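A.B. asks: The primary structure of each chain is shown beneath.
2 protein chains.
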Amino acid sequence: MNNFTYSIPTKIHFGKGQISHLSELSESGNKVLLCYGGGSIKKAGIYDEAVKILKEEDMEIFELSGIAPNPKIESVREGVKLCKENSIDMVLAIGGGSVIDCAKVVAAGACYDGDPWDLVITPRWIKKALPIYSVLTLSATGSEMDKFAVISDMSKNEKWGTASDHMKPKMSILDPEYTYSVSKKQTAAGTADIISHICENYFTNVKNADVQARFAEGLLKNCFKYGPVALEEPDNYDARANLMWTASMAINGMIQYGAEVAWCVHPMEHELSAFYDITHGEGLAILTPHWMEFALNDDTAYKFADYARNVWDVVNDDDMAAAKEGIAYTREYFKKMGLPQTLTDVGIDKEYFDIMAQKAADGCKGSFVPLSKEDIVSIYEAAL
Amino acid sequence: MNNFTYSIPTKIHFGKGQISHLSELSESGNKVLLCYGGGSIKKAGIYDEAVKILKEEDMEIFELSGIAPNPKIESVREGVKLCKENSIDMVLAIGGGSVIDCAKVVAAGACYDGDPWDLVITPRWIKKALPIYSVLTLSATGSEMDKFAVISDMSKNEKWGTASDHMKPKMSILDPEYTYSVSKKQTAAGTADIISHICENYFTNVKNADVQARFAEGLLKNCFKYGPVALEEPDNYDARANLMWTASMAINGMIQYGAEVAWCVHPMEHELSAFYDITHGEGLAILTPHWMEFALNDDTAYKFADYARNVWDVVNDDDMAAAKEGIAYTREYFKKMGLPQTLTDVGIDKEYFDIMAQKAADGCKGSFVPLSKEDIVSIYEAAL
Numbered sequence: 005m006n007n008f009t010y011s012i013p014t015k016i017h018f019g020k021g022q023i024s025h026l027s028e029l030s031e032s033g034n035k036v037l038l039c040y041g042g043g044s045i046k047k048a049g050i051y052d053e054a055v056k057i058l059k060e061e062d063m064e065i066f067e068l069s070g071i072a073p074n075p076k077i078e079s080v081r082e083g084v085k086l087c088k089e090n091s092i093d094m095v096l097a098i099g100g101g102s103v104i105d106c107a108k109v110v111a112a113g114a115c116y117d118g119d120p121w122d123l124v125i126t127p128r129w130i131k132k133a134l135p136i137y138s139v140l141t142l143s144a145t146g147s148e149m150d151k152f153a154v155i156s157d158m159s160k161n162e163k164w165g166t167a168s169d170h171m172k173p174k175m176s177i178l179d180p181e182y183t184y185s186v187s188k189k190q191t192a193a194g195t196a197d198i199i200s201h202i203c204e205n206y207f208t209n210v211k212n213a214d215v216q217a218r219f220a221e222g223l224l225k226n227c228f229k230y231g232p233v234a235l236e237e238p239d240n241y242d243a244r245a246n247l248m249w250t251a252s253m254a255i256n257g258m259i260q261y262g263a264e265v266a267w268c269v270h271p272m273e274h275e276l277s278a279f280y281d282i283t284h285g286e287g288l289a290i291l292t293p294h295w296m297e298f299a300l301n302d303d304t305a306y307k308f309a310d311y312a313r314n315v316w317d318v319v320n321d322d323d324m325a326a327a328k329e330g331i332a333y334t335r336e337y338f339k340k341m342g343l344p345q346t347l348t349d350v351g352i353d354k355e356y357f358d359i360m361a362q363k364a365a366d367g368c369k370g371s372f373v374p375l376s377k378e379d380i381v382s383i384y385e386a387a388l
Numbered sequence: 005m006n007n008f009t010y011s012i013p014t015k016i017h018f019g020k021g022q023i024s025h026l027s028e029l030s031e032s033g034n035k036v037l038l039c040y041g042g043g044s045i046k047k048a049g050i051y052d053e054a055v056k057i058l059k060e061e062d063m064e065i066f067e068l069s070g071i072a073p074n075p076k077i078e079s080v081r082e083g084v085k086l087c088k089e090n091s092i093d094m095v096l097a098i099g100g101g102s103v104i105d106c107a108k109v110v111a112a113g114a115c116y117d118g119d120p121w122d123l124v125i126t127p128r129w130i131k132k133a134l135p136i137y138s139v140l141t142l143s144a145t146g147s148e149m150d151k152f153a154v155i156s157d158m159s160k161n162e163k164w165g166t167a168s169d170h171m172k173p174k175m176s177i178l179d180p181e182y183t184y185s186v187s188k189k190q191t192a193a194g195t196a197d198i199i200s201h202i203c204e205n206y207f208t209n210v211k212n213a214d215v216q217a218r219f220a221e222g223l224l225k226n227c228f229k230y231g232p233v234a235l236e237e238p239d240n241y242d243a244r245a246n247l248m249w250t251a252s253m254a255i256n257g258m259i260q261y262g263a264e265v266a267w268c269v270h271p272m273e274h275e276l277s278a279f280y281d282i283t284h285g286e287g288l289a290i291l292t293p294h295w296m297e298f299a300l301n302d303d304t305a306y307k308f309a310d311y312a313r314n315v316w317d318v319v320n321d322d323d324m325a326a327a328k329e330g331i332a333y334t335r336e337y338f339k340k341m342g343l344p345q346t347l348t349d350v351g352i353d354k355e356y357f358d359i360m361a362q363k364a365a366d367g368c369k370g371s372f373v374p375l376s377k378e379d380i381v382s383i384y385e386a387a388l
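As given, the protein sequences belong to chains A and B, one line each in that order. When the letters of the first sequence are read in order and numbered with the working numbering, they come out as residues 5 to 388. When the letters of the second sequence are read in order and numbered with the working numbering, they come out as residues 5 to 388.
What the hints contain is simulated information worked out from the structure, not anything from laboratory work. One or more of the hints may lead you astray.
In this list, chains with the same sequence are indistinguishable; a pair is considered to hold if it fits within one copy or across any two.
With a straight-line cut-off of 20 Å between C-alpha atoms, the simulated EDC-like cross-links for lysine to aspartate or glutamate are [what the hints assert, rightly or not]:
#	residue 1	residue 2
1	Lys160	Asp358
2	Lys15	Glu264
3	Lys132	Glu31
4	Lys131	Glu28
5	Lys189	Asp349
6	Lys229	Asp52
Just so you know, these numbers come straight off a predicted model, no measurement behind them.
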């Protein structure tokens, strides 16, 4: 196990009816920037309920709406402008990871003099942020409890992750009922995102970080167990609750501290959505089994065998054979979840493979298995 | 899964050489009460190193030493007096759970007008505490990352746990190397304590809290894997590291939130150490298999079967048979760790069974399987 510093200061109110805790926002001042996407939070009644609670606390509400999936830097700039012009005290994101990611960079940008894109490119320039709160409506990115945000500039085909301890939310509300209305497509894609976060941390070269490895395996089991239940019964509380809490635990540091490794499937996928604006989780579901097949060799078989035995209950004493079974189950699972199986399925062809692979290779130095530009092209090709 | 509020604000610096982070104490002021037990931290050089770092930060150091296992209220009173007389800014505990527990109640008592025993008996009267820091030297109680403290008043044969969010340490330093010198007896007892914390949370009637259950199983696996390694090779870093991090995770709320249940083996053991001042972990190791046998019935077999299959890899489709195998493995494990097997082994006879059982029964209302005074007497008798 490596040295690490653990710090997860976000308070989480988890469960039914926890939105009442929005009253705690008054601790941070009285001017709030409410960030959201389209109209779904209005349709679901969450918007009205939140506004009611905030008004009972005499808070002044400003709004940044229309935040898109793969959130764009233009939304961030708009939010920063609102914060600066109105001396906003805090941001409240109501939505999924895209809305929360956007709100985080708005909160950091509000405390920064230059263009907020600088903070996406150079995370260490984030020295401060307004207090960040969230109400989660989609289980996927884990943004509600972590330090990360991913922002795109489509004019440059660029999509980058940034990170700062200052962007960890102060408090998040996780009510699994808010995810009952999430579509099958988004539920499946969200679960693929969670699985990828866990795998990115789990497949590490750090030996004997067993607390982290056993936790990761437990989280993967939850995804494989409850993903199909949530598709079949969208209002199954325990399925939604377990997926929601698993999503937060997958990326808040818990399974990463002491076992750090560079991520690789995410950088490969970020290029796909930067160039084609596809659903992030779908891109991950397509790439993950191909990455696993590429990464499996005599040196790594032990780790894939652990995965197969501890997550999929594979009984096979031969590491390589067990590993292959585990990968086959993974592929089968994504198929069962109705996720696309190939890049062709989502309208991607070879045109940009070279440039995407080069950028991805730059972004995944130090990953579990080293990946050159050529390696990544071969993974993209296998996924066609 | 039940509703819950997650809040684990303690920052942890984990690993080799992390004591250098003691310089962060200067954020909380410049007068520190250094709390420790006997001379072991001096022999190990930790005392000198800590004092050196604190002096480099120009801090004024006051000392509360001689804190005993099963820490006594007299030590707490002495520490509170020192805090009040010298306007102490913060407390720093260097030691195991007993030292940290004592320091926590000192920190709370320093902000309270009456006798600190009040805060042991009535936790809700803890409204404030001085900032608490710790350097851990024994993996067991998890006090370094939780809100609990257990204090004894031997003049009354009383040992009670108290708890408050205000007593969660601000920062703790966990260097596994500091536990290399822990004796076999204390290593074994500490591991039994960790196992008991996990079991107290794991055996719950709350259904489908799977994140919590899978995490608990992973932590139990670590104890069963690394406990014997730490006994055989006291300076095996990964064994000490996994036990240390497992101890913190066992009781910081992670596996309890959303699956709350009243504890029962701890209340039964607290009476043993309140009356006989035995080593807490040894009392737990004696009682745990007997509690398991008592609690196993047709309604609970499914849960003990989960335990057997997911922790001990028992392959048996019959729940009751699998459960019994799991319990047998548990008993065998404690024996292998060199822990006492019976109450007689630690000098306890029937004399106080009635009064101890009555007090324990009062303390474990709402546990996984209801326990009357008579039930507890029968468990004590089985353990004779």
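A.B. asks: Does each hint fit the structure? Answer for all of them.
C.D. replies: Checked hints:
Proximity of Lys160 to Asp358 under the C-alpha cut-off of 20 Å is restricted to the intra-copy arrangement: shortest distance 16 Å within a copy versus 77 Å between copies. Proximity of Lys15 to Glu264 under the C-alpha cut-off of 20 Å is restricted to the inter-copy arrangement: shortest distance 18 Å between copies versus 24 Å within a copy. For the identical chains of this complex, Lys132 and Glu31 are neighbours both inside a copy (18 Å) and across copies (18 Å), given an alpha-carbon limit of 20 Å. Proximity of Lys131 and Glu28 under a CA criterion of 20 Å is satisfied inter-copy only: 19 Å between copies versus 24 Å inside one chain copy.
Taking identical chains as interchangeable, the C-alpha atoms of Lys189 and Asp349 lie at most 20 Å apart only when both belong to the same chain, with a minimum of 14 Å there against 61 Å between chains. Taking identical chains as interchangeable, the C-alpha atoms of Lys229 and Asp52 are never at most 20 Å apart, the minima being 34 Å within one chain and 52 Å between chains.
Hint compliance for this structure: hint 6 is the single one not met.
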